[in-house]
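Here is what each chain is made of, one letter per residue.
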Amino acid sequence: MLKIKNLHAGVEGNEILNGIDLEVKAGEVHAIMGPNGSGKSTLAAVIAGKEEFEVTEGTIELEGEDLDETSPEERAHKGVFLSFQYPVEIPGVSVTNFMKTAINESRKARGLEDMPANIMLKLIREKSELLEIDRKFLSRSLNEGFSGGEKKRNEIFQMAMLEPKLAILDETDSGLDIDALRIVANGVNKLKSQENAVIVITHYQRLLDYIVPDFVHVLHEGKIVKSGTKDLALELEEKGYDWIKNETLV
Amino acid sequence: MDLKDKLISSFLAFENNVDVDHPVHDIRSEAIKNFESKGFPNRKQEAWKYTSLNSLQKTNFSIFPKEVNALEYKEVKKYFLHEVDTFKIVFIDGVYSSFLSETTHDGVDICLMSAALSKPVYKKVIDEYFNKIASKEESLTTLNTAFSKEGAFIFIPKGKMPIKPVEILHFTTGTTEASLLLQPRNLIVAEEKAELQVIERHQSLTKNEVLTNCVTEIFAAKNSIVDYYKVQNDLDNASLIDNTYIDQKDSSVVKIHTFSFGGKLTRNNLNFYQNGERIDSTMKGVTILGKKQHVDHHTLVHHKEPNCESHQDYKGIYGDKSTGVFNGKIIVDKVAQKTNAFQQNNNILISDKATINTKPQLEIFADDVKCSHGCTIGQLDEEALFYLQSRGIPKKEAAALLMYAFANNVLESVRIPELKRRINTLIAKKLGVELGFNL
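Sequence order for the protein chains is A and B. According to our numbering, the first sequence is numbered sequentially starting from 1. According to our numbering, the second sequence is numbered sequentially starting from 1001.
In isolation and in its complexed conformation, chain B is listed as follows:
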């Protein structure tokens, strides 16, 4: 049985384990119908031209994890931002781990989707926000919606800010399952003037194949500020399809940083909808790949109101036989005058066998806007290498230093210093060098 059929038949079993009378279940039922008619995307579709899900569909994934796995904190400590105190929402093989988590209901709600879906106190929030910005057409998003049950739920009421950043961590252990398909569903709501910092990470600890099809909805109300960091440094057998939908209202500021350093196949669908004025949307990314890794960044910014800004800056370094995709779509509606939209994608290929496909896609219907885009693909600057070598820095270290410098400006906007240090260390490690100082 192929994966699609398996998923559809599993839906019946899934229904035995959820409250089918809850209004959300109507949403799930609609969603599975959409997935059934569309199936997995294939390379004939423009948006999936460079990313194939064929081999993943041939894998015999287990869809319902057994609820038995436990991890000791010391085994996984290194994946947490352990230098600072954080709230933690942790899942092991898709199942919430209360032992590793630190949630709160003190003025803000940082807890579980399963709780939000079952407790009456959250009904209003679920009614108002759940599946309101996520696509009802895109097949993988609807697949996630159909099986939505667990994930992170964060609700920051008007004017509030959690006392520390929130970490969302998904571990896969594979101790009981052969290959695992996970479909976490996150809902994040920042009310007026609320502020929030989130770090999200998916980490496999097993040699078994893992596929995560994640959907995150973020609602940023008037004057709210949301900083979201995605750390993607997974094992070579783990694939991630990460679908993020952001709804922004007047004067809100949302920044999403995506650090893609690992995994087998990663697809980032990042969608910003500007439903208000004076909005600032920022997307930044550093991608450093080797081996046969593949990352596909698909971004969308829909400018729907006047006087808004969007900034995109993606840097990629591709080695070995790795492949990368950047597709940045910007839509400026006719009413969205005085829009400022910037997009930049710069890439360095450090191997003859690495590939990058980069494509800006601008659809501008307003006439008083500033839109700029630029993409570059190049090699390391020989003159710069010679400069560093002539100061006694060996070629390999010199190359690493230049690549670090190339990716550096993306890190400037990271507002959690410990995270910035961590990312710097990851970059140095990924580039395979020990430099004479702490980057």
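Next up, chain A with everything else stripped away, as it sits in the complex:
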């Protein structure tokens, strides 16, 4: 599904990612952990195509296709989805209208007609139930005045609507109470299949109790310094990131 080779990227000559290698296969869940400033969110943004970051070396391939020079919207059309750590507020545009625009733009890019209104409504109803979202919520302006938990739930609702091949969840657990965390994780698990893949970026082990990863990678100073199974996350939780830092120094 996703193949990252020797990825170097940064902002204005300031390198943040220093040679990342990562392969994610269909049906897998990967967790990327690491201390603050290790490059986790940058990696997520670079995969999603944020123009602010410049890729100086290496490649990102999605299903064998090089994503170099591909705009964020084109990546979305190819099936990449990024759940934002800080979703942006868009006053005056309702959640429903936003989803309609997003879905129909993706369909347009694939040469398809707009989704018929009745099918769209059915889909919205189905997916909002999955995330335990109240119908009234859907007519509110996107993210405007939403609580932290509502924003994150809304991100996963969007993911459910867009049915991506590769979903990257950037610190989706931050700012969530335990109930919201359970709902969000439950949503992600229900969307998981053998055809898609998920990358979970998190600081804490907590989320991984609910979304169980096949692999855990630890990022430090823009490099994956350790990879393992879910046990690695537990070990990290116990020993703290200093353990990794010290180990890399040695």
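A hint or two may mislead.
Stated by the list, open to error - The calculated label-pair distances, taken between Cβ atoms and stated as ranges, are:
{"#": "1", "chain 1": "B", "residue 1": "E1383", "chain 2": "A", "residue 2": "N36", "range": "56 to 64 Å"}
{"#": "2", "chain 1": "A", "residue 1": "I119", "chain 2": "B", "residue 2": "K1292", "range": "41 to 49 Å"}
{"#": "3", "chain 1": "B", "residue 1": "Q1379", "chain 2": "A", "residue 2": "K108", "range": "24 to 32 Å"}
{"#": "4", "chain 1": "A", "residue 1": "D209", "chain 2": "B", "residue 2": "E1382", "range": "52 to 60 Å"}
{"#": "5", "chain 1": "B", "residue 1": "A1047", "chain 2": "A", "residue 2": "E57", "range": "54 to 62 Å"}
{"#": "6", "chain 1": "A", "residue 1": "G149", "chain 2": "B", "residue 2": "K1292", "range": "42 to 50 Å"}
{"#": "7", "chain 1": "A", "residue 1": "K192", "chain 2": "B", "residue 2": "E1383", "range": "27 to 35 Å"}
{"#": "8", "chain 1": "B", "residue 1": "A1047", "chain 2": "A", "residue 2": "N36", "range": "49 to 57 Å"}
Hints listed in this document are in silico derivations from the structure and should not be mistaken for laboratory results. Virtual Cβ for every residue (Gly too), placed ideally from N, Cα, C.
Chain B: place on chain A using the hints.
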């Protein structure tokens, strides 16, 4: 001959066509004297620093239109709020079109200034209100006063409300004239507890140059409510100087929305005078410009009595080589304690060559007041753009969606749903996008 001289010499010809014995003519004569001594404003004056009328003054405008032009309704239907029923006061090249208009005298008067100035039944209202709040000093206002003859006249007696909104439309056809100067004069009186909704639009249908120097006086008596919408989406050769003066009495609520999407040069002078207590004055504006268009919003709120409020919210989006000005003046007199005055002007520049000059001007003489002002000039938020793009929305549409969101809260207070839809469509069109849903 320059425009000023031409206007002054035309005044004599104008006098042949009006009742010089009417008391209003004394007002006109005073006004032309003021204009003669002051002339057109120039950029040395602080209030005109960013707006030049030089090139307009070099244009050979025709001052008296020929009374021959007619328009078919279907030609101009799109400029009316045709989805709903409205009263209509329509002018073609400055001349009243009874064919396109729908006036009334049924409990309220929605008719013509020329009728109000000539019929004895309106004498009392004219004596009481005409030129009472309009400036006797500002040269362009006095120029309009000097040639005041035609426009809209609306009189809503105590406790009344017209059954539908009023549209004031000025079309210019240019079929007989090269370039046209129009000077409509509107008088709007809402008596105690009266209510009124007005939509005003100036629309050129010609490639010829048009200059409109309009004056509107609005009197809002105790507990009255006036909603006034100015739709400015004219052709690139049409310029508008719009002077609006509002006199408010106790507990009246007046809201003026200005939507500036077009024209060559637009100057909005919006002046509120609060002559009473517990008054609410609201000014809102959305400006979206491109090409070499220019809009200058000059607002004034004079808080003269205690316990009043004023709200200003202007949003601007400037592209290409367009230029914008916002100058918001708030005066709070010493007696006007417990005043709440808010002013906000936010701008987005979407081109390196667009310019905005924004200036709050607060003169506060009372000590127990709440006044706030803020202006911002920025670009589109890159993070927000990325967010929308990452959902599959192309950059151009994403930018439009963000600009729409930026201007949106100004539309919330539009109380005519069809007008709100219309403005939304205009905004989407102006931003050049087809969005996947009806904004």
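Original post:
Quick one: are I119 (chain A) and K1292 (chain B) within 41 to 49 Å, going by C-beta?
Top reply: At 46 Å between Cβs, range holds.
**OP:** Please test the hint of 49 to 57 Å on the beta carbon pair from A1047 (chain B) and N36 (chain A).
**Re:** 53 Å, holds
Subject >> Distance restraint hint 42 to 50 Å, applied to the beta-carbon atoms of G149 (chain A) and K1292 (chain B) >> reply: Cβ of G149 (chain A) to Cβ of K1292 (chain B): about 49 Å, so the range 42 to 50 Å holds.
Original post:
Is the distance from the Cβ of A1047 (chain B) to the Cβ of E57 (chain A) consistent with 54 to 62 Å?
Top reply: 58 Å, holds
Subject >> Consistency of beta-carbon spacing, E1382 (chain B) to D209 (chain A), with hint 52 to 60 Å >> reply: Given about 35 Å between the Cβ atoms, the range is violated.
Subject >> Range agreement (Cβ of N36 (chain A) with Cβ of E1383 (chain B), hint 56 to 64 Å) >> reply: 19 Å, violated
Subject >> Supplied distance hint 27 to 35 Å, evaluated on CB atoms of K192 (chain A) and E1383 (chain B) >> reply: 28 Å, holds
Original post:
Is the distance from the Cβ of Q1379 (chain B) to the Cβ of K108 (chain A) consistent with 24 to 32 Å?
Top reply: The hinted range 24 to 32 Å holds for Q1379 (chain B) and K108 (chain A), with Cβ atoms some 27 Å apart.
In terms of the numbered hints stated before, the structure departs from hints 1, 4, listed from lowest to highest.
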